[in-house]
Amino acid sequence: MSAFSDSLIQKEAWSGLMMGNHALVRAMIESGVMVVSAYPGSPTPEIGEALLSVPEEQRPYHFEYSTNEKVAIETAFGASINGHLSACFFKSVGLNVALDSYVQMPLLELTGGMVVILGDDPGANSSQNEQDNRHIARRAYSPMFEPGTPAEAYRMFKAAAALSQKYKILVTLRMTTHVCHAREVIRFDALPQHDYDWTPRYNPPHYLAYWPITSNVFPLKRKTFAKLAAIEKDACSSEFTEEWAPNGKAPIGGRRLGLISFGIPAYSLLENLDESGASIDILKLGITYPLPMERILNFLREHDDVLLLEELDRVFEPEIKSACFDAGITCKLHTRTEVEHLMGEFVPHRTWALLSALWPEAFAPRMAAAPAQEKVAPRVAQMCPGCGHRSAFHAVRELIEQEYPGAITVADIGCHTLGSLEPYNMGTVLLCMGHSNGTAAGMTIGNSVEKVGDKARPVITFIGDSTLFHAGLPAIINAAIYNHNITLVVMENYTTAMTGHQPTHANGEYGDKLNIPDVLEKCGVEFIRSVPAYQQDAIKDALREAIANPGFSVVIAKHPCMLKFLREKARKLARQKVMAPRS
Amino acid sequence: MADVNAKFSMNIYLCGVGGQGIGLLSEVLIRSCMEAGHPVKGVDTHGLAQRGGIVASQVKIGARLFTPRIPPGEADLIVALERLEAYRGIVAMLKEGGTVVYYDTEYQPIGVRMGRDQYPAAEELEAAVAARGGRLERVHLEDLPDPRMQNTALLGRLSSLGAIPGVSAEIIENNLRAVVSPAALEANLEVFRRCSHAPVASQG
Chain R
13 MSAFSDSLIQ
23 KEAWSGLMMG
33 NHALVRAMIE
43 SGVMVVSAYP
53 GSPTPEIGEA
63 LLSVPEEQRP
73 YHFEYSTNEK
83 VAIETAFGAS
93 INGHLSACFF
103 KSVGLNVALD
113 SYVQMPLLEL
123 TGGMVVILGD
133 DPGANSSQNE
143 QDNRHIARRA
153 YSPMFEPGTP
163 AEAYRMFKAA
173 AALSQKYKIL
183 VTLRMTTHVC
193 HAREVIRFDA
203 LPQHDYDWTP
213 RYNPPHYLAY
223 WPITSNVFPL
233 KRKTFAKLAA
243 IEKDACSSEF
253 TEEWAPNGKA
263 PIGGRRLGLI
273 SFGIPAYSLL
283 ENLDESGASI
293 DILKLGITYP
303 LPMERILNFL
313 REHDDVLLLE
323 ELDRVFEPEI
333 KSACFDAGIT
343 CKLHTRTEVE
353 HLMGEFVPHR
363 TWALLSALWP
373 EAFAPRMAAA
383 PAQEKVAPRV
393 AQMCPGCGHR
403 SAFHAVRELI
413 EQEYPGAITV
423 ADIGCHTLGS
433 LEPYNMGTVL
443 LCMGHSNGTA
453 AGMTIGNSVE
463 KVGDKARPVI
473 TFIGDSTLFH
483 AGLPAIINAA
493 IYNHNITLVV
503 MENYTTAMTG
513 HQPTHANGEY
523 GDKLNIPDVL
533 EKCGVEFIRS
543 VPAYQQDAIK
553 DALREAIANP
563 GFSVVIAKHP
573 CMLKFLREKA
583 RKLARQKVMA
593 PRS
Chain V
675 MADVNAKFSM
685 NIYLCGVGGQ
695 GIGLLSEVLI
705 RSCMEAGHPV
715 KGVDTHGLAQ
725 RGGIVASQVK
735 IGARLFTPRI
745 PPGEADLIVA
755 LERLEAYRGI
765 VAMLKEGGTV
775 VYYDTEYQPI
785 GVRMGRDQYP
795 AAEELEAAVA
805 ARGGRLERVH
815 LEDLPDPRMQ
825 NTALLGRLSS
835 LGAIPGVSAE
845 IIENNLRAVV
855 SPAALEANLE
865 VFRRCSHAPV
875 ASQG
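Residue numbers (the working numbering), protein chains in the order written: chain R, 13 to 595; chain V, 675 to 878.
Treat the hints as calculated values from the structure; they're not laboratory data.
Where a beta carbon is used, it is the ideal one built from N, C-alpha and C, also for glycine.
Simulated restraints, written as ranges between beta carbons of each label pair:
(1) Leu863/V to Leu354/R: 46 to 56 Å
(2) Ala202/R to Gly711/V: 18 to 28 Å
(3) His814/V to Ser19/R: 35 to 45 Å
(4) Leu578/R to Leu863/V: 18 to 28 Å
Taking the hints into account, I'd like the entire structure generated from these sequences.
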């Protein structure tokens with residue numbers, strides 16, 4: 013028990029410094045969330061860290077890391093239709109994994125309420141893309157909230173949970189990396205009394221209520237569209253649809269200027285206005301699907317020139333422009349003009365540049381600083397000293413250079429993805445979690461001595477243990493059944509290392525039921541060798557044998573994550589030290 | 675509460691290499707700024723911190739705060755845990771006339787190890803700071819008991835310099851007690867006191 017976890021479950025209202033991700037956990041507890049599920053991924057793992065910091069016997073909620081995002085969202089869904097308020101969190105691309113289930117949920121009656129927290133990543137700080145999940149919420153008809161600060165994240169989660177319970181609809185809270193990781197002083201409310209009734213209340217009013225099959229799709233859609241229409245009205249009167257006039261409403265040069273934005277970009281604009289002193293109004297959106305269109309149109313009617321500032325894709329722009337067309341609005345609506353504006357985060361110095369291009373009299377153009385004369389050596393992430401992946405990659409690389417010069421290597425997601433970088437350059441194709449053996453299967457087709465003679469090239473894939481259970485198994489089973497000629501190297505380090513050592517389903521923290529060689533064997537893999545990652549000759553021998561074996565072959569390179577192992581050891585030592593009297 | 679000028683503002687940029695303890699450094703600094711009566715916002719701005727990558731954290735204090743982000747070239751104070759990262763911070767973030775306090779230790783990136791890139795010497799940092807009209811403070815303890823205390827040594831020097839108005843040695847100590855694990859606290863306090871009390875010249 014720590015002061016931090018105490019503060020998460022403290023009954024009285026209080027005020028203190030909190031990171032966005034951690035503030036969400038206080039919001040969950042205040043809302044009475046009973047079930048939380050997740051798969052770890054930046055920028056959201058600190059939510060799990062805070063949930064786990066509360067001692068198990070004092071947690072009003074059940075929390076689990078699922079095998080992947082799809083399982084996580086289904087777990088939260090099951091809890092919700094059993095009458096329990098639930099939440100689920102993962103990173104931006106995690107929604108792609110959960111998508112098949114996510115798109116169904118807003119059509120169904122989520123009787124307990126449910127909120128999905130997404131950690132989107134404008135700027136691609138720690139993701140393989142910067143996909144804009146505002147599109148996906150629309151495609152699935154899930155109402156969306158978008159906070160711009162940790163304090164807003166806290167308040168919006170509570171509002172999202174309440175909205176979800178009111179309309180029994182799935183609500184999505186879209187965080188972005190620097191809302192997740194920002195820290196500020198937040199005023200937290202007192203903890204309301206919740207009864208935490210675990211009685212299963214699954215009770216469909218009709219046998220088709222949770223059964224979205226052909227004849228049922230239209231009735232379900234009608235119901236959801238009716239909910240969205242009501243929520244749009246709520247959004248118009250929501251406390252999160254705010255109008256800011258920081259410098260008064262006087263027009264500039266006879267023209268009334270305005271800004272429409274949301275999330276962090278809205279605060280960047282506010283900072284710019286504070287600096288410039290220009291009297292320009294901001295309409296700041298909080299519920300961004302459905303858009304509070306009546307408020308937006310009224311704002312446009314009251315202004316002559318308005319800049320709509322979105323971050324990433326043009327999602328609101330077509331919706332607002334078509335509504336303007338229908339309403340005959342004459343306000344000049346400015347939007348972003350350059351391809352560069354469709355990428356990266358809108359931090360204050362970038363929004364200033366946009367504003368000064370549009371209204372130079374209010375926002376004096378700033379000369380871009382001359383590029384610095386000094387040359388600074390780049391630093392890219394690397395595998396840690398002692399990491400077993402390093403040793404395994406070294407052996408694979410040496411073997412390929414010396415004996416299989418044309419070999420193709422395919423990476424997967426995890427710490428071992430760093431093997432693609434110098435000095436190993438192993439694993440040069442990458443899509444997403446679990447792709448490696450599917451992609452590799454395609455690369456083996458026709459790639460045989462019979463068909464192309466000595467032009468045939470070995471195909472070697474890499475996958476970590478957590479990714480193997482997350483999304484790796486379907487492609488492994490496929491490769492085993494068709495006997496695709498792939499050599500898979502499983503990089504087993506007994507943890508989910510990249511995101512901060514969350515347990516994997518195979519590392520012993522859940523018991524020893526999942527032994528990777530046993531699992532692979534049951535999946536139909538016939539060739540399996542396990543070798544310690546630090547025995548390079550043994551790795552090379554196993555690989556030679558695997559490559560010579562026609563068909564799907566697996567070499568497991570085992571070594572515990574040294575970062576985790578050494579930290580645990582240091583903690584143990586420190587505990588012993590603190591117990592002993594100081595000399 | 676310290677007597678804080680309502681117009682006072684300061685941008686503090688913290689940087690280093692993953693695993694050096696930037697999280698603790700920024701947590702203690704933010705809490706100390708708060709205790710000194712400054713309004714404060716912070717944000718961590720790194721990606722893969724644990725994997726030997728660059729870590730950076732931004733702290734803004736002042737009465738008019740909207741976002742926690744510091745624009746390039748606008749850091750009044752840079753606190754760096756490593757020499758190359760200090761250099762990177764100076765080049766990208768240091769404001770004209772700003773102060774840099776860095777711990778002089780070396781973690782070579784792969785490009786340097788492979789002989790392709792140059793690792794900067796202390797003189798290059800001096801030149802870069804001088805070109806920006808700033809002040810450079812080097813911290814290095816030959817007998818530091820544990821490299822994980824480099825962040826604490828920096829906190830000590832920040833306090834002896836009075837780098838952040840109102841943030842006294844006493845306030846930083848209070849927050850070290852709140853943030854550092856009990857097992858490591860005494861040793862950290864010892865390092866902190868050495869660096870915060872000793873005259874600046876004798877520490878190099």
